[in-house]
Amino acid sequence: MQIEKFKYDNKIVKYFAFATIIWGAVGMLVGLIVAILMFYPHLFGGLHDGWNSFGRLRPLHTNAVIFAFVGNMIFAGIYYSVPRLLKTPMFSKFLGWVHFWGWQLIIVAAAITLPMGFTTSKEYAELEWPIDIMITLVWVVFGINLIWTILRRRERHMYVAIWFYIASWVTVAVLHIVNSFEYPISFLKSYSLFAGVQDALVQWWYGHNAVAFFLTTPFLGLMYYFLPKAANRPVYSYKLSIIHFWSLIFIYIWAGPHHLLYTALPGWAQSLGVVFSFMLIAPSWGGMLNGLLTLRGAWDKVREDPVLKFMVVAVTAYGMSTFEGPMLSFKNFNAVAHYTDYIIGHVHIGGLGWNGFLTFGILYWMIPRMWNTQLHSKKMANFHFWIGTLGIIFYALPLYAAFFVQSSMWFQFNEFGKLEYSNFLDTVTQIVPMYMFRAFGGTLYLTGVIVMIVNLIKTMVAGSFQSEEEAEAPALEKKKIIGGYWHSILERKPVMFTILSLIAILIGGIFELIPTFLIKSNVPTIASVKPYTPLELQGRDIYIREGCAYCHSQMIRPFRAEVLRYDPNDMEYSKAGEYVYDHPFLWGSKRTGPDLQREGGKYGNDWHYNHMYDPRSTSPGSIMPAYPWLYENTYDKSTTTAKISAMKAMGVPYSEGYEDQAQADADKQAQKIVDDLASKSINSHPDLEIVALIAYLQRLGTDIKVKENLTEKK
Amino acid sequence: MFKHYFEGIENVEIWPVISLIIFFLFFAGLLVYIFTIDKKYIRKMENMPLEDDEMETMSDQKMDIQ
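Protein chains in written order, with our numbering: chain A, 468 to 1181; chain B, 4 to 69.
No lab work stands behind these hints, which were simulated from the structure alone. The beta carbon of each residue, even a glycine, is placed where N, CA and C say it ideally should be. Any given hint might turn out to be false.
[Claimed, not checked] In silico DMTMM-like cross-links for lysine to aspartate or glutamate, where the CA-CA straight-line distance does not exceed 25 Å:
{"#": "1", "chain 1": "A", "residue 1": "Lys1057", "chain 2": "A", "residue 2": "Asp1037"}
{"#": "2", "chain 1": "B", "residue 1": "Lys47", "chain 2": "A", "residue 2": "Glu937"}
{"#": "3", "chain 1": "A", "residue 1": "Lys474", "chain 2": "B", "residue 2": "Asp41"}
{"#": "4", "chain 1": "A", "residue 1": "Lys1147", "chain 2": "A", "residue 2": "Glu1039"}
[Stated by the list, open to error] Across the chosen pairs, the derived CB separations fall in these ranges:
{"#": "5", "chain 1": "B", "residue 1": "Ala31", "chain 2": "A", "residue 2": "Ser889", "range": "52 to 62 Å"}
{"#": "6", "chain 1": "A", "residue 1": "Asn799", "chain 2": "B", "residue 2": "Tyr44", "range": "42 to 52 Å"}
{"#": "7", "chain 1": "A", "residue 1": "Ile981", "chain 2": "B", "residue 2": "Tyr44", "range": "32 to 42 Å"}
{"#": "8", "chain 1": "A", "residue 1": "Lys925", "chain 2": "B", "residue 2": "Tyr44", "range": "42 to 52 Å"}
{"#": "9", "chain 1": "B", "residue 1": "Arg46", "chain 2": "A", "residue 2": "Pro991", "range": "57 to 67 Å"}
Chain B extracted, bound-state conformation (with noise of 0.2 Å):
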């Protein structure tokens, strides 16, 4: 069924492969992105909402807990 449809376009079995390596090297490299990010970035970026209004308190209470 599946190659059925398929079948007319030219070429057709490189797209699923470029796609599949576009997915998994995005990923890869997020995940390598992730695992070696900046801890004082990542502090940063997630007090941000809180930032408007006790922004001290916050990392404090962040501190306490780690």
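Only chain A is shown next, with the shape it has when bound in the complex (with noise of 0.2 Å):
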């Protein structure tokens, strides 16, 4: 047999690593001012121009840790371990260029149009259209990189972190595509093709799946190489990853209605969504074991080395927040637990521990080895890994806190059957102290990453870079093999494998997003609820800009406890009808201030003006941010043509010919709303957008009661 030679490419795994590594601190550090943000409102005195708001620096946030420091993480494992796994250089290096330099090309346009408030407001797919055309195509040249690769290995076989790395290609493209059916209204923005019920549910497979496909799937591929690798020892069980690998990728696409327990989401939807997350914890605990078994008979190495300390305590992580996970699916724990700081806290034993543990231990282990060296500091190194373990400890007890403490304050009632905290204010500034403790361990954990950074510098400096490294394998012969077990022909045919893996995630998405569709004819449909006028159009456009959503959900549950507080008059909580008009859906995911979804008519225009001017000046100690901006900007009349007709496309019923006369209706409304101001001493102006917004807010909830008083009148 031929042996053949042939290098593998460190330059590219190189680039992808100081990507990670550069974008993680960016991300890490915008955390953390987040954090700050929420106890101390004014980090910024008096620089407010609505980049630095709450509301547009959470969405960069998510962004760049996930898709930034995990997804470059991702790319530099794959293309580490791919060549080696399968014994061939990377299809090629002009794709691989290509792919790296278009990722950090997204990266760097969502760094740019966050902030400046561009965002469809679906959790981390917030990027515009073009940008979402971009990640497609960067995708594409991936994935032909990927199996091209694949497809000239000289390995017949395929190791089980490449079906990983197959699985969240194909899942995350399906995922992709679907959650970003979109209807352009101008270069930057969008408005999603579903509507209310629909919408929640695509964006939740799509929300859950992203972190099961891409901060879970890829990042298990890597556990699987790189944890053998620095223990120096094959993984504990091969069949029982073959076992993780397949249940795994079947069972959690279904998942994502688990976001959305008690919400207007139909029964069978919420339903279908806690089976199968509460059956997601085998698979999840069966690869959790298996990475911990790997290091039997080597727990003395874990003491000395820092690497596996990281690796360990990563996938002790991830089998935290996998057993969490299942749990916070059932219907009780979620409606104490859902909508409270209890989610944040879990998501960052993923996050903190889980990707960002893994992460360092792979760089603490290929950089030296690229370099040709040893690890400049392993006492640096292990001072990393105990503030960092300490930093995600200090971050999430105090939100398990935040969220106990808060949840009974929301559900407690008094002897007189009324709510003991009426005001949720009242349960805010009890748990701030909480949020103090937080932002002490996002501190921490990333004075760690700071440590680490100056740690591998020195590294670097102190070794020589080897940008290729010689290997040399037999080629494949091209015999036709007969027989074997099925399982083993498959991992011989990637091809066949890719398109059984994109048929096991496609099971779970039809059976769950078909039915999505029927729904549409299904929602019973409420008579009074009317499509939004063109300047509630513009102010919940503003609404969406300014990241209102994430701190405030519009969903009332159908709990006592919640249509008092919300909806004190006629105890409605939310119906699928009520969202039928809304591109997007504005849901929410947490609660930092109060349900949204009956605001109209609670308060007066003069409230709402002065609240969001200076949200202390109407609620004393409120966390809210101020939005001076909205007072001199106008909003942009020149679109609300353009609004109403993407509307009618879509199917929201405007009468022929509405666009029209949209903006006249618009100024009109305005005006009543500047006399009504004036008429509390307020200058204002009919074209600023904190007139539009008061619109909005305004028309909440507010058709629901025009059917009650219509029942009245007969």
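Both chains are sitting in their own frames, so use the hints and assemble them into the complex.
What follows is the structure in structure tokens.
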């Protein structure tokens, strides 16, 4: 058999690793800033331009740590491990560089557009349509490079890590495309093609599986490669890894609806989400145990080796968050934990622990090898390990406490059957100290990262970078192998393998989503629910731009404590039919402030006017950001016609030719608000953004009340 | 509730059954495969990440453990 010589390219791995480190530090710094803004809204002093407000920085943080930090690590790990596992260089260096620079360009585009307020409002899918298209193109380039490398391999069978990479690539492609169906209005503005309940289900099918197939499965692939490498022993059970893989990708895709329990989502979809979320614990823990038990007989090394320490905590954190996940999916626990800081604690156990620590472990292992030297300082790495671990604990525990305190307060009744803490703000000021602890935890964690950066730079300076590594392997004989068990046949056939994993995830997706499309005709419509007026639509877009939905839900769950708090007069919980014109849905996932679904008419226009200018003036102790720029900027009237036309095209029933008179109607409605404000001695102007926003807030939930008035009249 | 939304689909009752059968058969097949798998093949696969360095020492270690 002819032995062939070839080279592994380390240069692209180096670039992706640098990008991981740089974007990681930036993303975590932004995270720290938003954490501080939550107890100290004056952080930026008088500098209020909009770009630095919580609602704009928060998506910057989530996108940076997910797609820039974790994303670049995935690519660094894949470009390192795939050639070595398949005994071949990557298919194309050129495609590799297109992939690298394309991905960084997307990140830069995100870092510019998100603080400017260009957002779809869908969590972890905030980027607007031109960037969505860029993501699709770069993802295809990555896929071609990955699949073609696999096709040109010199190793007949694909190791389990490769399966995880393939499934991740396929699934992220499907998720991204389906969740990005948008109707563009202008260069950086679009509306989701789905509305209300449909939009919510598609979004959380995406959101949950972004966690699954971006934060989890690619990292499991990395775990299956780098953990055995670092421990210098094979994975505990290869058989278990086969079961782990198939059951994980089969089950994960179904679990999305657990983000929408007790909402207006149909009950069957909620139940489906609960059942599959509970089942998920089995494959998840199978994988975790497989990782931990790989260290059997090598635990003495864990004492010595910082790389293994990081990996052990990473895998343990994976176990913790995959235990929390199913528990949080039970309806009874979800009822109290949803919308609280528990969820933030939970995702950071996964983010800081699993993704962060596995990344650090891999970097500490990979960089000395690529620079042909030893790690500069084990002591510093150990320091990083301990301060990072403490950081995770200081991050998560206060948030668990915050959940316990706040949730208990939300549901507490007094002896008269009224809410004990009827003012939402009282439940917020109680947990502000926990937010301070959380920021302290984040500071510790970020300090560790800075120590790592110094350590790695010194390591690189001491060593010399090997941009290519020589390797040799026999060519893969083109022979027909007959027989073998069906799975080992699969491992020889990457294309078939890809198609099968696609089918595995599509089954879940189709069964969840097709009924969603059918729901449209099944959502009980409410006759009194009418489309938004043009001014309200403009106001809604300001609400979206400022990221209000990150802290305010628009979904009153059917609990006495909630209807009493958010709709004390009519005691109505949210119905699916109320959202039929919501492109996109704005249900939110966290209540840092109160729910706004029935906000209309609760307060006067002047209250909103003063509140948004300085929240502390109307609500002492509030942690809400101030929005002074809404009082200087005028909303873009030139978009009104396009917005109404777009809504009409998506099936919102505005009357024929309404787009032409829309702006006149908007002006009329704005003038009414301005007149009302003037009667309270407030001078404003009908074109101001704040007026449009007030119009939207005053509309929320009022359609239901109209209906009741009508029935009463009858 | 569940019924209400699915009533509109023709022969809806067959779909959950089909998907259950697909799931069950796949996992049953997977388990059978796992239990009857060739040891040599497993040994080769699990050592794959370790091959480019110290391949020999690794398989030796594995032997020691067993």
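Regarding the pair Lys1147(A) and Glu1039(A), is the alpha-carbon distance no greater than 25 Å?
violated (31 Å)
Hint check for Tyr44(B) and Asn799(A) - Cβ pair distance inside 42 to 52 Å:
holds (46 Å)
Taking 42 to 52 Å as the hint, is the beta-carbon distance of Lys925(A) and Tyr44(B) inside that range?
holds (44 Å)
Lys474(A) and Asp41(B): Cα distance at most 25 Å?
violated (32 Å)
Ala31(B) versus Ser889(A) beta-carbon gap, inside 52 to 62 Å or not
Cβ of Ala31(B) to Cβ of Ser889(A): about 56 Å, so the range 52 to 62 Å holds.
If you check the beta carbons of Arg46(B) and Pro991(A), does the distance land in 57 to 67 Å?
Given a distance of about 60 Å, which is inside 57 to 67 Å, the answer is holds.
Evaluate the given range 32 to 42 Å for the C-beta pair formed by Ile981(A) and Tyr44(B).
At roughly 39 Å between Cβ atoms, Tyr44(B) and Ile981(A) fall inside 32 to 42 Å, so the hint holds.
Measure nothing beyond the straight line between the CA atoms of Lys47(B) and Glu937(A); if it is 25 Å or shorter, mark the hint as holding.
OK: Lys47(B) and Glu937(A) at ~23 Å, within 25 Å.
Below or equal to 25 Å on CA atoms is what counts here, so check Lys1057(A) against Asp1037(A).
holds (24 Å)
Of the numbered hints listed earlier, those contradicted by the structure are 3 and 4.
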